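Those protein sequences? They're chains A and B, same order as listed.
Under numbering that gives the first Met the number 0, think of the first position of the first sequence as 0, with each following residue one higher.
Under numbering that gives the first Met the number 0, think of the first position of the second sequence as 0, with each following residue one higher.
Hints listed in this document are in silico derivations from the structure and should not be mistaken for laboratory results.
Derived lysine to aspartate or glutamate pairs resembling DMTMM-like cross-links, with alpha carbons at most 25 Å apart:
| hint | chain 1 | residue 1 | chain 2 | residue 2 |
| --- | --- | --- | --- | --- |
| 1 | A | K45 | B | D238 |
| 2 | A | K67 | B | E62 |
| 3 | A | K257 | A | D276 |
| 4 | A | K155 | B | D227 |
| 5 | A | K67 | B | D213 |
| 6 | A | K67 | B | D274 |
| 7 | A | K45 | B | E223 |
| 8 | A | K241 | B | D227 |
| 9 | A | K44 | B | D227 |
Simulated coverage check for chain B against chain A, where a stretch passes if three residues somewhere in it have a Cβ under 8 Å from a Cβ of chain A:
| hint | region |
| --- | --- |
| 10 | 226–236 |
| 11 | 337–350 |
All of these numbers come straight from a predicted model, not from anything done at the bench.
Every residue gets a Cβ at the ideal spot worked out from N, C-alpha and C, and that includes glycine.
Chain by chain, the residues run as shown.
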Amino acid sequence: MRTILLTLLSACFSLSLVSQTNSNPVVLHSSGQVQYFATAGAAPKKVYPGLQLQVSGKIRCLKGGSAKLLYQGKAYIVSGARTQDISEVVKANVKATQIGFTGRFFNFITESLQESESTEKLQKHHRRYMGKNSASIKGFSSKQFEIVTPLVLTGKLPAAKVTFKWRNTTGSGPYTFQLCDESGNIVASLLAKDTLVTLDLEELAMNFEAEYTWQVTRNDGKSSSAPMPFELTRQTQEKAQKDLEIVSSCDDCSDSEKRLMLAYFLEQENQFYQAADIYNAMLEKDPNSTLTRRLFAAFMARMNQLSEGEKLINSIPEEK
Amino acid sequence: MLRKLIFPHTLIVAILTFILIWFVDLIRLNLHFLDPFNKGLKDYEVTDIVYSKLRDDRINLDERIVLVNTGKPNRDTLALMLNRIIDAQPKVIGIDLLLSDRKTPHADSALQACLKRYGNTVLGTRLDGYNEDTRQFEAEVDCDTFFCDHAYPGFTNFPANDTRTIRIFSPKEETKKGESLAFSVRVTKLYDAAASDRLLARDKEVEEIYFFGDADNFLQFEPENILDTSINLTPLLKDKIILVGFLGSYSWGDPLIDRHFTPLNSQYTGRNVPDMYGMVIHANVIKMILDNYYVRELSPLVNLLLTFLFTYFNIHLFYKIHHRIGVQYQFVTRFLQIGEIILLFFLVAVTFHFFRFKIDFALSIAALLLTFDIIKFYENFLRKRFTLLNNIPEVLPQKLKAKKTPPPPPQNSAGEKG
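This is chain A alone, in the form it adopts within the complex (with noise of 0.2 Å):
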């Protein structure tokens, strides 16, 4: 009898384990953006709805997408650029105990309990409910950070040399300007005394199609930029310039129509700072054109800085 009982629990034993191991976690959702990386370094795979993951896999969502993944009964959202492993995500999951219904029905009848006290204590102690409900929502204002930086200067920055500027509202350098991989080791770290610094990326150990950020602090520690995250691109304007030929080519289009159209192209594939030397090398080509600067200042207010799109449309003399 005890060895029918032991080989039964053993298998119970056995048979949970497995569909422990087994399941995997499933996509239920994704908007924009989003990869999946089944190991170290493999080739990124675009998560959809429906796709099953490994748990040692990584994810990342890019351009603000987000993804929700089911496993074990329990939903995640993901979102953010940073790679993420997938076994950290879950791994609320796993710790969590599961609550019997009689158990549920204590917890409900104790709040309950509790919630009809709150009237008095909420009059009483009411500085310790201010945090449960904000009469205002989310999405209109971030933090604000004394350092500005362009968001030209995120997305996928070439392996060349890229100059980084930020602008201070508030006073003057000298400034610490730090690049960081996604794990948040220093690649460079060096002091400005102006609002610039020139960096050849190439030439620092950098990997492609990683994430880094780069932040600027000024040297008093009083005020800062945001981290802006980025990630070095292969994509150089001349192959950008064939894949584009490839999905539409313009036959009768003139060469500064072209730049322009390779311009757009390379802001949708994120790489805004290649755009930004187009339309720069247009303008400075042609000063004149009133196209050409009507698409930069709709750029510039794109990539957050309206003031300098205004100026530029500003000076657009006004047709007759």
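Position chain B against the provided structure of chain A, taking the given hints into account.
Just chain B now, kept in the frame of chain A:
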């Protein structure tokens, strides 16, 4: 046996309790000053707490139903999406959109071509023009014949009162043109005719919706997922029910379009933010029909009988406590009332959660709350005023028992002789 169960005064108090409840129910006062309180509780059922607070929140992904969000697309995009979905060979496509008019010839033709291309498509309609006398609707509207002629119609109306919480659905309705099926029933009929037949065989005018959960119980595709040609949709959509409709958009202007209140709302009283998109409600109904997972209810008569028995034994219990402990009786019974209400609530929750059995204990709770006062009223006023009541015995007389018991053994008669 009967003598042990029937206590005349307990019975009188139980009847008095029911008369009082009936009388209070008759008086319909318009108590405007209670409105804020009233409105909060107006649309509340005890089972809402089971849904919102006691439900096991583990997600069981349904493999048969897939949701596709259209956002707010133009018809060109919708046609492109439908073409991609049709290529993946689903079993049924339910389009939870009201194509009430025509937009542009090009887009409309493309959409019509999709509907022509695939036979098993259900299009959303709306029942309109109810006639109280004939108990019929005028027609199913909001579906242009340009599209509806090439798809099965299914009405998307849900019965709900002014607080708009959706709990029930009507499987079928009569229109002047004949019988109309609900959108979810029509979709189920095309997917699994036996399941829809089971529903229709129940022949109930309305069915209570059993809510399995929110949209997370189903795979949800965005337009970009469907239109992405690098994704092979066939293994994901083949032989499944594909519901195409609105599951939200990023537009700031209309974040609450087609969102409704359901019992799953975390605010089970005084709900103020709708919690579920219409398409997810349809998906829940379809799942319920396919799984034969209906909410069961006791008949009003059985419910009344149960309530009466509960009240009756409760009154007897209170009497017993009164006789045993005297003065502290009031104190003990008040606590007992709270304990019993919690126990009743637990019973309602357990029966609904585990057996989908909906028991209405509202009357029992009302009776329980009144019991103490009615006993006092009966003992301190009625029995003193109407002395006739004092002639009624506490327990049934022995005579009743004697009638039923066999004659005494001949032992005594032998003694008399002696």
